[in-house]
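Engineer: Single-letter residue listing:
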Amino acid sequence: MIPNVAVLEIESPHFHMPRLWIPLLLLWIPLFLLSPLILFVILAACIAGRISFWRAIATFWGILSSLRGLQIRVATHQSKVSIRIL
Amino acid sequence: MNENRRQILEMLAAGKITADEAEQLIAALEPGSAPPAGEFTGRIAGSNGWPDTPVKTRAKYLRVLVESMEKGGPTTVNVRVPMQLLRAGVRLASLIPQQAHEQFDAKMSKHGVPLTLSQIKPENLEELIDHLEDLSVDVDAKEEKAKVRVFCE
Numbered sequence: 001m002i003p004n005v006a007v008l009e010i011e012s013p014h015f016h017m018p019r020l021w022i023p024l025l026l027l028w029i030p031l032f033l034l035s036p037l038i039l040f041v042i043l044a045a046c047i048a049g050r051i052s053f054w055r056a057i058a059t060f061w062g063i064l065s066s067l068r069g070l071q072i073r074v075a076t077h078q079s080k081v082s083i084r085i086l
Numbered sequence: 001m002n003e004n005r006r007q008i009l010e011m012l013a014a015g016k017i018t019a020d021e022a023e024q025l026i027a028a029l030e031p032g033s034a035p036p037a038g039e040f041t042g043r044i045a046g047s048n049g050w051p052d053t054p055v056k057t058r059a060k061y062l063r064v065l066v067e068s069m070e071k072g073g074p075t076t077v078n079v080r081v082p083m084q085l086l087r088a089g090v091r092l093a094s095l096i097p098q099q100a101h102e103q104f105d106a107k108m109s110k111h112g113v114p115l116t117l118s119q120i121k122p123e124n125l126e127e128l129i130d131h132l133e134d135l136s137v138d139v140d141a142k143e144e145k146a147k148v149r150v151f152c153e
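Line by line, the protein sequences give chains V and H. Counted the way our numbering counts, the first sequence spans residues 1 to 86. Counted the way our numbering counts, the second sequence spans residues 1 to 153.
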């Protein structure tokens with residue numbers, strides 16, 4: 001299942017951003033509208049690279065749908081950046 | 001009925017373990033049952049004097065923890081990567097064009113690594129990921145004041 005929400009937190013001595021919930025669901029809507037164009041570009045790239053179009057689609061879909069649960073957190077004594085994909 | 005099996009069913013009836021855990025325990029009791037690759041062992045606390053019972057659970061995430069002591073203070077990096085993402089990522093290798101395979105093989109053998117990328121099959125990669133679940137790396141560099149831990153959970 002594709003991720004629906006990303007949670008972003010940035011904290012530094014001069015800047016404190018409240019926890020930001022990014023609804024990725026809204027991002028998928030324009031992406032689906034642009035999908036014919038995107039698919040055409042991928043098809044062209046696959047033909048140029050002589051790789052299977054369906055395999056490429058399956059691989060990228062696999063990566064996209066397994067992004068859920070990814071978490072990256074970097075913290076120093078002053079700053080903190082955290083990204084979570086739910 | 002086997003006494004161990006009865007004990008598992010009693011634990012299930014008492015709600016101490018779930019149906020999945022009970023199934024895994026019963027499967028583990030069967031003779032010749034070896035733990036599948038990529039599963040690690042946890043424990044369920046025993047009751048009525050029975051010893052703890054091993055439970056196999058599949059690792060879901062690869063965790064990388066880095067702690068280092070910088071001049072200003074400690075810096076920590078905590079990355080949690082879903083195993084599913086690793087599996088999808090290794091499939092990217094199948095998208096590498098044939099010409100790139102040859103160039104890669106030539107460069108690798110030039111550097112003393114006789115690796116043929118085209119001979120790596122998807123099932124090999126799956127096996128690699130499965131065995132990665134048993135991986136645990138601990139690096140403790142006292143001079144650099146840094147600690148690195150890589151493990152699956």
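Mixed in with the good hints there might be a few duds.
[What the hints assert, rightly or not] Once the Cα atoms are required to be at most 27 Å apart in a straight line, the calculated DSS-like pairs of lysine-lysine come out as:
hint, chain 1, residue 1, chain 2, residue 2
1, H, K71, V, K80
2, H, K147, H, K71
3, H, K121, H, K110
4, H, K145, H, K71
5, H, K145, V, K80
6, H, K16, H, K60
7, H, K142, H, K71
8, H, K142, V, K80
9, H, K121, H, K107
10, H, K107, H, K60
11, H, K107, V, K80
12, V, K80, H, K121
13, H, K60, H, K147
[Unchecked claim] What follows is a list of derived Cβ distance ranges for each label pair:
hint, chain 1, residue 1, chain 2, residue 2, range
14, H, Q119, V, M1, 27 to 37 Å
15, V, V74, H, N124, 30 to 40 Å
16, H, E123, V, M17, 36 to 46 Å
17, H, M69, V, S52, 19 to 29 Å
[Said to hold, decoys possible] A short list of chain V residues far from chain H (calculated; beta carbon distances all over 12 Å):
hint, residue
18, L24
19, I29
20, A58
Read the hints as simulated data drawn from the structure, not as lab findings. A quick note: this is a predicted structure, and the numbers were derived from the prediction, not measured. For glycine and all other residues, C-beta sits at the position ideal for the given N, C-alpha and C.
Engineer: Against each hint, give a clear statement of whether it holds in the structure.
Structural biologist: Taking the hints in turn, this is what the structure says about them:
Between the alpha carbons of K71 (chain H) and K80 (chain V) the distance comes to roughly 17 Å, so the proposed pair stays at or under 27 Å and holds. Under the criterion of a C-alpha separation no larger than 27 Å, the hint pairing K147 (chain H) with K71 (chain H) is consistent with the structure, at around 16 Å. The suggested pairing of K121 (chain H) with K110 (chain H) holds, with an alpha-carbon distance near 23 Å, which does not exceed 27 Å. Of the supplied pair hints, the one linking K145 (chain H) and K71 (chain H) holds, its CA atoms being roughly 11 Å apart against a limit of 27 Å.
Only pairs whose Cα atoms come within 27 Å are accepted, and K145 (chain H) paired with K80 (chain V) is accepted, the gap being roughly 20 Å. The hinted pair formed by K16 (chain H) and K60 (chain H) meets the criterion: a straight-line CA distance of about 23 Å does not exceed 27 Å. Taken as a hint, the K142 (chain H) and K71 (chain H) pair is honoured in the structure, with Cα atoms around 15 Å apart against an allowance of 27 Å. For the suggested pair K142 (chain H) and K80 (chain V), the alpha carbons sit about 25 Å apart, so the restraint of at most 27 Å is met.
About 20 Å separates the Cα atoms of K121 (chain H) and K107 (chain H), which keeps this hinted pair within 27 Å; it holds. In summary, the hint linking K107 (chain H) to K60 (chain H) is not supported, as the alpha carbons are separated by about 34 Å, beyond the 27 Å threshold. For a cut-off of 27 Å, the pair hint linking K107 (chain H) to K80 (chain V) is broken: about 40 Å separates their Cα positions. Restraint check for K80 (chain V) and K121 (chain H): not satisfied, since their Cα atoms lie roughly 40 Å apart, outside the 27 Å limit.
With a C-alpha separation of about 23 Å, the suggested pairing of K60 (chain H) with K147 (chain H) holds against the 27 Å cut-off. Separated by about 34 Å at the C-beta atoms, Q119 (chain H) and M1 (chain V) satisfy the suggested range of 27 to 37 Å. Hint check: V74 (chain V) to N124 (chain H), Cβ distance near 33 Å, so the stated range 30 to 40 Å holds. For the pair E123 (chain H) and M17 (chain V), the supplied restraint of 36 to 46 Å holds, since their beta-carbon distance comes to about 45 Å.
In this structure the supplied range 19 to 29 Å is violated for M69 (chain H) paired with S52 (chain V), their Cβ-Cβ distance being about 49 Å. Look at L24 (chain V): its CB is around 15 Å from the nearest CB on chain H, clear of 12 Å, so calling it non-interface holds up. Taking the minimum C-beta to C-beta distance to chain H, about 23 Å, the non-interface status of I29 (chain V) holds against the 12 Å cut. Non-interface status of A58 (chain V) relative to chain H is broken: a Cβ of that chain comes within 12 Å, the nearest being about 8 Å off.
Checked against the numbered hints given earlier, the structure breaks hints 10, 11, 12, 17, 20 and satisfies all the rest.
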